Amino acid sequence: MTSMVESATQVRDTAGLMAALEAVLFTLNRPVTVLELQEILQSTLPDIEAAAVTLSQALSGRGLFLQRHQDQLQLVTDPAQADVVRRVLRPEYPSRLSPAAYETLAIIAYRQPLTRARIEEVRGVNCEGVLESLEEKGLIEETGRLDAPGTPRLFGTTMKFLQILGLSSLDELPPPPQSASTTS
Amino acid sequence: MTGGKSRHPDLATELERDPVYLVRTAAFDGPIELLVTLAQRAEVDLGAIPLASLTDDYLRAIEQERPPLDRLAAFLVIGARLVQLKAAALMPEAQMGEEEDLQAWEEAIKGRLEEYKRFKALAESLMRRHASGRFTFAGLLEPDVIPQARVQVSLDALASAFQQVLDRLPPPGPVTVEMEQVSLADKLEELRQMLGHQPQMNFTAVFRHARTRLEAVVTFLALLELIRIGEARVAQVSAFGEISVHRQEKNDQA
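For the record, the sequence lines run as chains A and B.
For the first sequence, position 115 (counting from the first letter as 1) is numbered 115 according to the working numbering, and the numbering increases by one without interruption.
For the second sequence, position 14 (counting from the first letter as 1) is numbered 14 according to the working numbering, and the numbering increases by one without interruption.
The following block holds chain A by itself, in its conformation from the complex:
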């Protein structure tokens, strides 16, 4: 235990930063980028990353859950509590999608970011309609443009995608397919 004076001036340790991170995510109640967090918490990227890992571990077995998508963090309810939360909220979540939609989501989830042409190459059919409806449901989004003729849109999954699957991050997806033949 350090003295009061010392601890006040000391750079916050991971536990302290974790608590601050938790408080900020709780009050903002939306996906927050690590860049924003650096500013809010007056901290460095590696420290915030470490605090996020600690927070995620600390929440294990609790009602809350730390979700991470790319550079965004969000505090949400634990997937194990979905039933009780639903009883309180009646949220309108997309309940069931078409097989085509799940296929398209799977391809995007594992290969993101990628273009519509690439998705269609895998599925062998036109995917315009499916992509439109997935985007409308907020499960995928444009993440940028490919630096190629026509600068086609690049698609990626969203935080909401993690939310309907109850995943803490994309790393929790089943192991990716070993691509035998594919190039990018």
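FYI, nobody ran anything at the bench for these hints, they're computed from the structure.
It is possible that some hints are incorrect.
[Said to hold, decoys possible] Facing chain B, according to a computed beta carbon distance under 10 Å, are these residues of chain A, among others: (1) Thr-14; (2) Ala-82; (3) Thr-104; (4) Ala-106; (5) Ser-168.
[Claimed, not checked] Label-pair restraints from in silico Cβ distances: (6) Pro-171(B) x Lys-137(A): 39 to 47 Å; (7) Gly-61(A) x Ser-154(B): 52 to 60 Å; (8) Met-201(B) x Ala-15(A): 50 to 58 Å; (9) Gly-61(A) x Arg-213(B): 19 to 27 Å; (10) Leu-35(A) x Gln-103(B): 44 to 52 Å; (11) Gly-138(A) x Arg-128(B): 46 to 54 Å; (12) Pro-46(A) x Val-237(B): 52 to 60 Å; (13) Gly-138(A) x Glu-107(B): 52 to 60 Å; (14) Thr-143(A) x Pro-171(B): 53 to 61 Å; (15) His-197(B) x Glu-142(A): 45 to 53 Å; (16) Thr-33(A) x Ala-185(B): 37 to 45 Å; (17) Gln-103(B) x Pro-152(A): 30 to 38 Å; (18) Thr-27(A) x Ala-131(B): 30 to 38 Å.
Since this is a predicted model, take the numbers as computed values, not measurements.
From the three backbone atoms N, C-alpha and C, an ideal C-beta is built for every residue, glycine too.
Given chain A, work out where chain B should sit, using these hints.
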């Protein structure tokens, strides 16, 4: 599933709106899907597709399902390739160049089929995971969320109470063609006024002015809208008891 437009007009419209769905319901998931399905049906691995039976199945499928022209055209490309492959296999003395082309094409198509199969399996695991309902939720009430406090009635109870209202109305008489003007906006205003005079009323009382099914339906929609925007809530004190409708102050989120 024949997908005949005359028989399923609604479905046909739905299908036209979403071409991929069309592919599914017509049992044609596009060329790759067709190959996979047919290959699986013949119980062979993709390394040794029996082309003769495959093309037979393919032709039969076209005969029976009659896919739309653009799908048909897409299949034709694959079909022609399959026949080309078969022909090459039957004539081992075919020109080397072509042989190599075919070999390369066969490799490529096999690779794509394998890749597609892997994603199909992954898609199924995503679907199962989604169906398990283990969602995560953010804390804030999103705009598309109606707080439980406003709907203290099971949706079934609400629906059956409304059905009773409808049942009480006279059955549709002889058809008189007459454009009925019942607007949701009018009904919303009417309901607001009713609740203004009487902050709490029985569910059936809400419909006391409704003379036709259309009017009752629009009134019901207006009630649902008031619940959604937070100006009313419905409650049922006991199981099978009368449902009551309450006025709710708009800023009262509870």
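To see whether the hints hold, each was checked on the structure:
1. Thr-14: 24 Å, violated
2. Ala-82: Cβ of Ala-82(A) sits 5 Å from chain B, so the hint holds.
3. Thr-104: 8 Å, holds
4. Ala-106: 4 Å, holds
5. Ser-168: 9 Å, holds
6. Pro-171(B) x Lys-137(A): 39 to 47 Å: Given range 39 to 47 Å: holds, Cβ gap about 41 Å.
7. Gly-61(A) x Ser-154(B): 52 to 60 Å: 32 Å, violated
8. Met-201(B) x Ala-15(A): 50 to 58 Å: Taking Cβ atoms as reference, Met-201(B) and Ala-15(A) lie about 56 Å apart, which means the hint holds.
9. Gly-61(A) x Arg-213(B): 19 to 27 Å: 53 Å, violated
10. Leu-35(A) x Gln-103(B): 44 to 52 Å: Since Leu-35(A) and Gln-103(B) have Cβ atoms about 51 Å apart, the given range 44 to 52 Å holds.
11. Gly-138(A) x Arg-128(B): 46 to 54 Å: Violated, at about 21 Å.
12. Pro-46(A) x Val-237(B): 52 to 60 Å: At roughly 58 Å between Cβ atoms, Val-237(B) and Pro-46(A) fall inside 52 to 60 Å, so the hint holds.
13. Gly-138(A) x Glu-107(B): 52 to 60 Å: The hint (52 to 60 Å, Cβ to Cβ) is violated, given that Gly-138(A) and Glu-107(B) are roughly 39 Å apart.
14. Thr-143(A) x Pro-171(B): 53 to 61 Å: 57 Å, holds
15. His-197(B) x Glu-142(A): 45 to 53 Å: Check passed, 51 Å falls within 45 to 53 Å.
16. Thr-33(A) x Ala-185(B): 37 to 45 Å: 43 Å, holds
17. Gln-103(B) x Pro-152(A): 30 to 38 Å: Since Gln-103(B) and Pro-152(A) have Cβ atoms about 31 Å apart, the given range 30 to 38 Å holds.
18. Thr-27(A) x Ala-131(B): 30 to 38 Å: 33 Å, holds
Violated hints, in rising order: 1, 7, 9, 11 and 13; the structure is consistent with all others.
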